[in-house]
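Those protein sequences? They're chains F and Y, same order as listed. Sequential numbering from 2 applies to the first sequence in my numbering. Sequential numbering from 2 applies to the second sequence in my numbering.
Check before you lean on any hint, since a few could be wrong.
To be verified - One side of the interface only, derived from the structure: several residues of chain Y facing chain F at Cβ under 7 Å:
#1 Val41
#2 Pro43
#3 Pro45
#4 Thr78
#5 Glu82
#6 Val83
#7 Phe85
#8 Ala87
#9 Thr109
#10 Gly111
#11 His125
#12 Pro129
#13 Ala130
Hint data in this document are derived by calculation from the structure and do not stem from the laboratory. Quick caveat: nothing in here was measured; it's all calculated off a predicted structure. Virtual Cβ for every residue (Gly too), placed ideally from N, Cα, C.
Number of protein chains: 2
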Amino acid sequence: MTVDERDVRTLIENWAAAVRRKDYEAILEHHAPDVLMFDVPPPPESRGIEAYRKTWDLFFRWSETPIVFEITEMDVTAGAEVAFAAALMRCSGTEASGERVHLPFRLTVGLRKIDGHWTITHEHHSVPATK
Amino acid sequence: MTVDERDVRTLIENWAAAVRRKDYEAILEHHAPDVLMFDVPPPPESRGIEAYRKTWDLFFRWSETPIVFEITEMDVTAGAEVAFAAALMRCSGTEASGERVHLPFRLTVGLRKIDGHWTITHEHHSVPATK
Numbered sequence: 002m003t004v005d006e007r008d009v010r011t012l013i014e015n016w017a018a019a020v021r022r023k024d025y026e027a028i029l030e031h032h033a034p035d036v037l038m039f040d041v042p043p044p045p046e047s048r049g050i051e052a053y054r055k056t057w058d059l060f061f062r063w064s065e066t067p068i069v070f071e072i073t074e075m076d077v078t079a080g081a082e083v084a085f086a087a088a089l090m091r092c093s094g095t096e097a098s099g100e101r102v103h104l105p106f107r108l109t110v111g112l113r114k115i116d117g118h119w120t121i122t123h124e125h126h127s128v129p130a131t132k
Numbered sequence: 002m003t004v005d006e007r008d009v010r011t012l013i014e015n016w017a018a019a020v021r022r023k024d025y026e027a028i029l030e031h032h033a034p035d036v037l038m039f040d041v042p043p044p045p046e047s048r049g050i051e052a053y054r055k056t057w058d059l060f061f062r063w064s065e066t067p068i069v070f071e072i073t074e075m076d077v078t079a080g081a082e083v084a085f086a087a088a089l090m091r092c093s094g095t096e097a098s099g100e101r102v103h104l105p106f107r108l109t110v111g112l113r114k115i116d117g118h119w120t121i122t123h124e125h126h127s128v129p130a131t132k
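Chain F on its own, in the form it takes in the complex (with noise of 0.2 Å):
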């Protein structure tokens, strides 16, 4: 594993600690002003760092103390200046029915060494579709 390899890994496992705390400015850290998130939910597109926050305000909404925000299985693909990490995840949420879910989810995350540090630009967050 190369340095920028096992940096990009521990930005990445430090962002979803940053999530089980509910810890927006750790969040929010390493991610440019322009970032490109695809998330589990609608809308199809979040573009910038203020409609990104906006994606955390849903998820805190659905999901509960404590907070389930796990990686299974990650890996991590880094050059010198651009990298990219695939991952299993899984979270666990409260559905508008009450029901309690455990959601199994994939992540692929985009980075970009600005002035030196790993900075997060994109971020894609899926499930299967379900039909």
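Once you have looked at the hints, place chain Y on chain F.
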């Protein structure tokens, strides 16, 4: 736009055109033997080029001539060795009910330059969850 960004964009545009021609050889031409696919329908993940090929069997059973598989908008980020692209796409197909469906979807592609050639090692296709 750098030469690498242009090359990755062209590779993905050619891949989408190969899908529209149902040209398996060209669809698979620039993929790694251990490609990791997160597709729109289940299963949640497909590992390896044979499993990846089968996801296209499923797509072509659902799709119909003329095949719609178009890039609406695409952002490409490329370093010297690693790249990723995020795109809004659309396709069309026919459900088991006989209903013709026009499906906008999201695509993220991860690539690595291997022996001087850009190679797709990861694809993530999805639609937002409906519930």
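Problem - Indices of hints not satisfied (ascending) - result: none
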